[in-house]
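**Student:** These are the residues of each chain, in order.
2 protein chains.
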Amino acid sequence: MPRPVTIAAAQMGPIRRDESRPHVVGRLLALLREAHARGGELVLFPECALTAFFGHWWIDDEAERDAWYESEMPSPVTQPLFDEAARLRIGFCLGYAELAVEAGAKRRFNSSVLVGRDGTIIGKYRKMHLPGHADHRPENPFQNLEKRYFQPGDLGFPVWDAFGGRVGMLICNDRRWPEAYRMLGLQGVEAVLIGYNTPRHYPEYPDTDRLADFHHLLSLQAGAYQNGTWVIAAAKAGIEEGVEQIGSSAIVAPSGEVIARSSTLGDELIIHRCDLDLCRTIKQGVFHPRNRRPEHYGLITARNDE
Amino acid sequence: MPRPVTIAAAQMGPIRRDESRPHVVGRLLALLREAHARGGELVLFPECALTAFFGHWWIDDEAERDAWYESEMPSPVTQPLFDEAARLRIGFCLGYAELAVEAGAKRRFNSSVLVGRDGTIIGKYRKMHLPGHADHRPENPFQNLEKRYFQPGDLGFPVWDAFGGRVGMLICNDRRWPEAYRMLGLQGVEAVLIGYNTPRHYPEYPDTDRLADFHHLLSLQAGAYQNGTWVIAAAKAGIEEGVEQIGSSAIVAPSGEVIARSSTLGDELIIHRCDLDLCRTIKQGVFHPRNRRPEHYGLITARNDE
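Protein chains in written order, with the working numbering: chain A, 323 to 628; chain B, 323 to 628.
Chain A with its partners taken away, still in its complex shape:
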């Protein structure tokens, strides 16, 4: 029995370093309204969607750095997005840099929230896999300072029953790790929402730059197929403050097939009526849990030996 939910991936073009949050929220609102006009029930925005990706710059001063994070969600500046979503009865997933004060200490995460069709937050995810480095590498054309600017996520890999199915979130680099999809898959996920900012060039290993789009899509497709889930991915794309980022926002079926894909490097909506029931064939077919051998996977959860 079909269980359709219409999901959009809202790709964004670059955000200027000096672009104000209200201006960015205006862009998000335009994409939200387009999604609604095209029948969307849920729209995915990119990772850290409210500002330029500041992890690409070294920022010495703590106060200056903290200005790139959100200390509340919603906040006065993001509230219009929540209000409009409630008015249009459309949910969304929004990535943002999170500054939390927990047990009296500042903590910083690369986070996303899942927001229901009534405009209230259903759940939060904090990025688990942080790429890049913590040190300043001035010899590089740009930095990749996620290890400096964020702590690794501490909320595990949650799923939520929402939008008529079971939904999970990953963020950017998470999507390359089969463990991340598997953690969601073992909890029966049917739609994985993934925002990302992915530079084409990696100063530390440029050999694979030419394959950036391929590796991105390969990871989505394998994660979808091997767990029998829809995978929806939204890029911040194009040349942002001198850093070229890939596009290739995509909607991938549980078969692993790319069903929709962006065709620009700018603000662009792709949308598909995803039948969540298609997950069942894969989950109950080749990847039935009875065929797993978890007692032989011990190394996967062993501590890193470095």
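Honestly, I wouldn't trust all of these hints.
[Unchecked claim] The calculated DSSO-like cross-link candidates involving lysine-lysine, where the alpha carbons are at most 27 Å apart (straight line), are:
#	chain 1	residue 1	chain 2	residue 2
1	A	K605	B	K469
2	B	K605	B	K446
3	B	K605	A	K469
Hints are computed from structural coordinates only; laboratory data are not their basis.
Once you've looked at the hints, dock chain B against the given chain A.
**Tutor:** Relative to the frame of chain A, chain B by itself:
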């Protein structure tokens, strides 16, 4: 510094049910010699390469069934393959149905051996992930009785230092599971050898029949990329006793790119000079172990909850 090893995948066309093992060994010898003539140092043969894939038929009688297994390796009938390999100084990986007597009891596995350039066995692997069913399903056009004819492998996921690198083996359905590659990847594998017999049609979930080659290649490519390893896969292909099996034997680089692929459904050799040093870029780049979060992967090794 390049570390090349020339590896061949020896795809086989169908084997007739009444084809004798010596005849099949003759076909393997021809492929072995071709590999040697083309500079091969290691040649991969398919899963259960010595006979037709008898898991596709219900066989009631135990003695009749046992005749499809090998009770020793090498045996008089397979010894010529070992002898010729030693003479030509070329290693091989051979899949076969193994009948072992252990602790006084018969045990049956879907196994493969890795044989060195001196013709001696380096190691053995027993297939971990058994697809299919144990019951007779006469309404189906053919059976998939691996769960009846084999026990799940009990040797873990070993790797061996051989052929100038680190080598592991998987068999057929194993290749669809990211856990299998990851177990080898965490041990530093640089070349994964995979023989398979893959029907195009699955009576239990025919919706994905049209995607059989795509799913096969997707699994190889993701496993290669996500672990920074060469993946070499050899099919038993073509219509064997009425069962259509896919070809698409392939050599996949650590980048996930398909470097060589068979173009027929018959006996066919594909070969590539694999630089094992290419593994390093991927292993030490995006998939550096420091970026893993094993403490959050607990469900992956938890017991199946069924």
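**Student:** Straight-line Cα separation of K605 of chain B and K446 of chain B no greater than 27 Å?
**Tutor:** Roughly 26 Å separates the two Cα atoms, so the pair holds.
**Student:** Quick one, are K605 of chain B and K469 of chain A close enough, alpha carbons at most 27 Å?
**Tutor:** Given pair K605 of chain B, K469 of chain A holds - Cα atoms ~19 Å apart, limit 27 Å.
**Student:** Is the Cα-Cα distance between K605 of chain A and K469 of chain B 27 Å or less?
**Tutor:** Given pair K605 of chain A, K469 of chain B holds - Cα atoms ~19 Å apart, limit 27 Å.
Going down the numbered hints, you'll see the structure goes against none, and every one checks out.
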